[in-house]
Every structure is written in structure tokens, then in C-alpha cells.
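Participant: Listed below are the residues making up each chain.
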Amino acid sequence: MLRRTLQHTGSIVWLLVLTIQEMGDAIRRGRLPFRTKIFFQQCDRTGVGSVPLVALVSFFIGLTMALLTGYQLRTFGQQRLVPALVGIAFTRELGPLMTGIMLAARIGAAYTAEIGTMKVSDEVEAIEAMGLGPLRFLVSPRLLAVFMLMPCLVIVSDMTAMVGASLISFWAFDIPLRTFFATALDSLLLRDLVAGVLKSFLFGLIIGLVSCYKGLTVQGGAAGVGDATTSSVVASITTVIGMDTLINIMLVALFE
Amino acid sequence: MKPEDSAPVERPLVELRDISLAFGEKEILKNVSLVAGRRERIVLLGQSGGGKSTILRLILGILPPTGGTVKFNGADVTRMRRRRLNKMRQKIGMVYQYSALISSLSVRDNLALPLEELTDKTRAEIDELVQMKLEMVGMADARDKMPSELSGGMRKRIGLARGIMMDPELILYDEPSAGLDPVISAVIDELIIELSEKIGATSIIVTHELESAFKIATRVAMLYKGEIIAEGTPEEIRSSEDPVVAQFISGSTQGPILETSK
Chain G
1 MLRRTLQHTG
11 SIVWLLVLTI
21 QEMGDAIRRG
31 RLPFRTKIFF
41 QQCDRTGVGS
51 VPLVALVSFF
61 IGLTMALLTG
71 YQLRTFGQQR
81 LVPALVGIAF
91 TRELGPLMTG
101 IMLAARIGAA
111 YTAEIGTMKV
121 SDEVEAIEAM
131 GLGPLRFLVS
141 PRLLAVFMLM
151 PCLVIVSDMT
161 AMVGASLISF
171 WAFDIPLRTF
181 FATALDSLLL
191 RDLVAGVLKS
201 FLFGLIIGLV
211 SCYKGLTVQG
221 GAAGVGDATT
231 SSVVASITTV
241 IGMDTLINIM
251 LVALFE
Chain V
1001 MKPEDSAPVE
1011 RPLVELRDIS
1021 LAFGEKEILK
1031 NVSLVAGRRE
1041 RIVLLGQSGG
1051 GKSTILRLIL
1061 GILPPTGGTV
1071 KFNGADVTRM
1081 RRRRLNKMRQ
1091 KIGMVYQYSA
1101 LISSLSVRDN
1111 LALPLEELTD
1121 KTRAEIDELV
1131 QMKLEMVGMA
1141 DARDKMPSEL
1151 SGGMRKRIGL
1161 ARGIMMDPEL
1171 ILYDEPSAGL
1181 DPVISAVIDE
1191 LIIELSEKIG
1201 ATSIIVTHEL
1211 ESAFKIATRV
1221 AMLYKGEIIA
1231 EGTPEEIRSS
1241 EDPVVAQFIS
1251 GSTQGPILET
1261 SK
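Line by line, the protein sequences give chains G and V. The first sequence begins at 1 in the numbering used here and counts up one residue at a time. The second sequence begins at 1001 in the numbering used here and counts up one residue at a time.
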């Protein structure tokens, strides 16, 4: 088990190195490191297409969080702490984490299934046989799309969560909207924002790499694609949560 | 450096020397040697799952052999780095059994892909070339269709057109007429002969369809249990007295082929 995990990790890092090399080759030949059309298609799917889901889920989580913590804090008369709590929790932790989990399921699965199907129908090999470099063609546009758009989605998630939290705070705890946002902004430190953004870039990279790797290593027809998709989602989510914990421990150890 | 490099004799385009290939315990190929000269059409015959298609992947450098050397134009494929390998692959056209067209791209984009990516041709030049190759395979009307809208035979012809987009020196065919009706497969056979004559390319064709094999080939090699057991002109193979070859050609159930696999 450990050995297999290490093998996969090694192969995934290697995939990143090879992809960067192939992109470098393209740049050296005076071409773009990815096909623009595929890149924009993927950006549209990954970024714009994920906004409704990310916004909706974050809105409800923000709302629930404010409601539940508010009720607990009210017993001590401290419900004014709700904006700071939701603000910090989302920018630093829940925004990147929830968006990571949602994207692993929504986009990681799609990437794996797509590349996996191309692999079993020999399309990947055909691209390789033409001397085109399948990584530049298949992996780089997807990887870049999820890497660059993940932070944008995290910001959408943070904002909608705050909207959800502010509405419920106004309704249940009589905190005016203006006060809510002012307190939330006051309590946020630059450190929290930077930590959130850095995490989101990293999670984007993990989801992109794991899902493309799982797609490229599919074996054995339709059932193989199914298995790979499941395992891609499981692996992306576990890795995202694992990395999140690791980063939190490191940040606390270094800065608190 | 070696004397043969400077020799004026035309060197063979593809040379496989003592190739062996094993996946773990399972031996796929044993000491396979095969030489393809320019403009030859070599048919590789053999049982299904016998490693014929694997030989094509070895030539493309997609699979490395366990032992032996693969040479293309005198250069050792097994030692090539990625960039040289990609350069070499541009001179080879591969036609897949199930066409392997990129399903998200239209026929035009599928054919234009290698030209857009690997050459500096303008859009107009590319369109003209795409039209020309489509006409060569008799599929000029399919230009704006998606691969999913085409039948198996049509897709195969588009696959053929894609294989010759870069005017390759070598065309590899993996089961070009498998699963097609007799008329379409005869059309494909004629196309293979026509293309190899028109663009002067060498062809290596993997098949187990005897009728096509004998029609297309200038030379036939028979692969059995990972080894090449017979090689010669179609007539020589047809009249071979080797029991395995004779059984394969007659399609008889009596003989060494089934006995040894039991």
C-alpha cells in the first residue's frame, strides 16, 4: 500500500516534469505551450461552469455555520463574534477546502473520464505517434485551467459564504449587514488571505495532476475508465484534505 | 563511423534486429528480425494477439523492446530522446485498427492537426492539403463531419488520410480491413497500394486477412509464437510447406497451431 502510494506520487511528479518539458519544447519552437482553443474550452468548463455549484454550496455552508455558531455564542452574549469567525474560517480554511472537494468531484472526474476514454480508444497513442506530445496537447491546457481558476473560484466561495452568513446574522441575531462586513474585514489578517490563496493554487495543481494521471494510466476498456474515475476523485479529495492539514500544521508552527 | 554508413547502397528504411519483448514472465516476441526496404509493402501475418501490432509500436518507439535494436533510417530508435523521437515520428504515418480519430475534433481538424502543430503552413495551405488528402481517400464530402457521424469504413479512410498528411516515408497499418464488409475492405486494400505508389512510401501492414494480405504485399512475413517462422514473396508463402504456415493459410482446424495452444 505505502509502496504503491509512493510509486504513484513519483509518477505524478514525473508527469508534471514531463508536461513542463513538453511545454518548453513548444515554446522553443516558437509556439504556445498549449492549444489556445482547448485551453479556453477547459477554462470555460472548469471556471465559469463551476461558479453556480461553488456559490450555492458555499452560500449554504456559510449560512449554516453562522447560524449554528451564533446560537452557541448567544448563550454567552458573544454573537458579535460571528462575522470574524465565518470570515476567517472561510478565507483561510473552508473556502479552499470546500472548493477543492467540489472541483475534484466535478472537474477531476471529467478530466479522468475524458482522457481515459481517449486512452482506451487509442487516441492518446495516436497523438503520440504523430510526434505531437500528448502531454502538451491533453494535460497542459487542463492543468493550467484548473491551476489558474481555482483561486478565482475560492474567492467566489468566500464571498458567497459571507453573503449567506450576513443574511442569517441579520435575520437571527440582528447584526446589520454593514456592521457584519465591517467587522469581518477588520478581523481578517493579510496572513489569512495569503494562506487561502496559496492553498487554492496548490489544490488546483493537485486536482489537475491527479486526474490527468489517472486518465493517462487507464487500462482495460469502459470498466477501466469507471474505476479510474472513482479512484481519481477519491485520490484527489484525500490528497487535498491531507495537504490542507499539513499546510495548517506548518502555518501554525511557523507563525502562531 | 562504420564503413556501411558511407556505402552507396540504399540502406533499409526499417531494421529490426533480434528483437525480444517480455511483459514480466510473458514473452511476446523472441528474436524477431525484419528489414523493410524502401517502397516495399510488407504484410505481417499471424494469429490474433500474437504480437503483430506490438511490432508497429516498437518501430514508433512507443514501447521499448526488452532486447535487440530497432532502426529507422539507420538511427537507433531505442536510444532516441524525446525530441528526436518526435521528429522521427513525423516521418511515419500510423493507421489504427479503430481509426483512433480524436472524437472531439471534426474531420478537417483531425487532419489539420499535425500540420498546424508541426509545420509553419498557413491556414489556406492546410485547408488545401486537407482537401487533397480527403480526395485521395475518396471522402471529400466528410470534411466538416464529426468522427461519430461516420461509419467504420469511412472512419478508417479518414484514418488513412490522417496517416499520410505529413507525406510520411513509412506507413504502418494495424488491421486495416478488419471488421469491414468485403467491398469496403477491397477498397481499403486498393487504397493502400495506391498510396504507397503515389507517395512512394514503405508500408508495413499487420493483418490476419489472407486475401488482402496476398493482394497488397510485396513481401509477407509470418509471426508465430513470437517468432518469424516464414518470410518471402506472397507466392512463396502461399506454397510454403511449413505445417504452421500451411495450416494458417488453409484455415484448417487440424495441425500444429491448435495442438500447441491446447
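Careful, some of the hints might be misleading.
[As the list claims (entries may be wrong)] DSBU-like, lysine-lysine: derived pairs with alpha carbons at most 30 Å apart:
#: 1; chain 1: V; residue 1: Lys1225; chain 2: V; residue 2: Lys1198
#: 2; chain 1: V; residue 1: Lys1091; chain 2: G; residue 2: Lys37
#: 3; chain 1: G; residue 1: Lys37; chain 2: V; residue 2: Lys1145
#: 4; chain 1: G; residue 1: Lys37; chain 2: V; residue 2: Lys1087
#: 5; chain 1: V; residue 1: Lys1030; chain 2: V; residue 2: Lys1198
[Unchecked claim] Anything over 10 Å on all C-beta distances counts as not near chain G; from chain V, calculated:
#: 6; residue: Arg1079
#: 7; residue: Asn1086
#: 8; residue: Ile1092
#: 9; residue: Gln1097
#: 10; residue: Leu1101
#: 11; residue: Ser1103
#: 12; residue: Glu1117
#: 13; residue: Ala1124
#: 14; residue: Glu1125
#: 15; residue: Arg1143
#: 16; residue: Glu1190
#: 17; residue: Ile1229
[Stated by the list, open to error] Negatives, chain G to chain V, calculated, CB over 10 Å:
#: 18; residue: Ala129
#: 19; residue: Met130
#: 20; residue: Gly133
#: 21; residue: Leu202
Derived by calculation from the structure, the hints in this document are not laboratory data. Note that beta-carbon positions come from the ideal geometry of N, C-alpha and C, so glycine has one too.
Participant: Could you run down the list of hints and mark each one as holding or not?
Facilitator: Okay, the hints, checked on the actual structure:
Of the supplied pair hints, the one linking Lys1225 of chain V and Lys1198 of chain V is violated, its CA atoms being roughly 35 Å apart against a limit of 30 Å. Restraint check for Lys1091 of chain V and Lys37 of chain G: satisfied, since their Cα atoms lie roughly 26 Å apart, inside the 30 Å limit. Between Lys37 of chain G and Lys1145 of chain V the CA atoms are separated by roughly 19 Å; this keeps the pair inside 30 Å, and the hint holds. Proposed proximity of Lys37 of chain G and Lys1087 of chain V is supported: the alpha carbons are some 24 Å apart, at most 30 Å.
Restraint check: the Cα-Cα separation between Lys1030 of chain V and Lys1198 of chain V comes to about 35 Å, which exceeds 30 Å; the hinted pair is violated. Here Arg1079 of chain V stays apart from chain G, with its beta-carbon at least about 17 Å from theirs, past the 10 Å limit. With a least CB separation of 4 Å from chain G, Asn1086 of chain V falls inside the 10 Å interface cut-off, contrary to its annotation. Interface exclusion of Ile1092 of chain V from chain G breaks down, the closest Cβ pair being 7 Å apart, not more than 10 Å.
Taking the minimum C-beta to C-beta distance to chain G, about 8 Å, the non-interface status of Gln1097 of chain V is violated against the 10 Å cut. Against chain G, the non-interface label of Leu1101 of chain V is violated: not every CB pair exceeds 10 Å, the least being about 7 Å. Annotated as non-interface, Ser1103 of chain V brings its C-beta within 10 Å of a C-beta of chain G; the closest such distance is 7 Å. Distance check for Glu1117 of chain V against chain G: the nearest CB is about 5 Å away, which does not clear 10 Å, and the non-interface claim fails.
Here Ala1124 of chain V stays apart from chain G, with its beta-carbon at least about 19 Å from theirs, past the 10 Å limit. Every Cβ of chain G is farther than 10 Å from the Cβ of Glu1125 of chain V; the closest lies at roughly 17 Å, confirming the non-interface assignment. Every Cβ of chain G is farther than 10 Å from the Cβ of Arg1143 of chain V; the closest lies at roughly 18 Å, confirming the non-interface assignment. No Cβ of chain G comes within 10 Å of the Cβ of Glu1190 of chain V; the nearest lies about 24 Å off, and the non-interface call holds.
No Cβ of chain G approaches the Cβ of Ile1229 of chain V within 10 Å, the least distance being about 28 Å, so the stated non-interface status holds. Non-interface call for Ala129 of chain G relative to chain V: violated, since the shortest CB-CB distance, roughly 4 Å, does not exceed 10 Å. Non-interface call for Met130 of chain G relative to chain V: violated, since the shortest CB-CB distance, roughly 5 Å, does not exceed 10 Å. A beta-carbon of chain V is positioned within 10 Å of the beta-carbon of Gly133 of chain G; the least distance is around 6 Å.
Listed as a non-interface residue, Leu202 of chain G keeps its Cβ farther than 10 Å from every Cβ of chain V; the least gap is roughly 28 Å.
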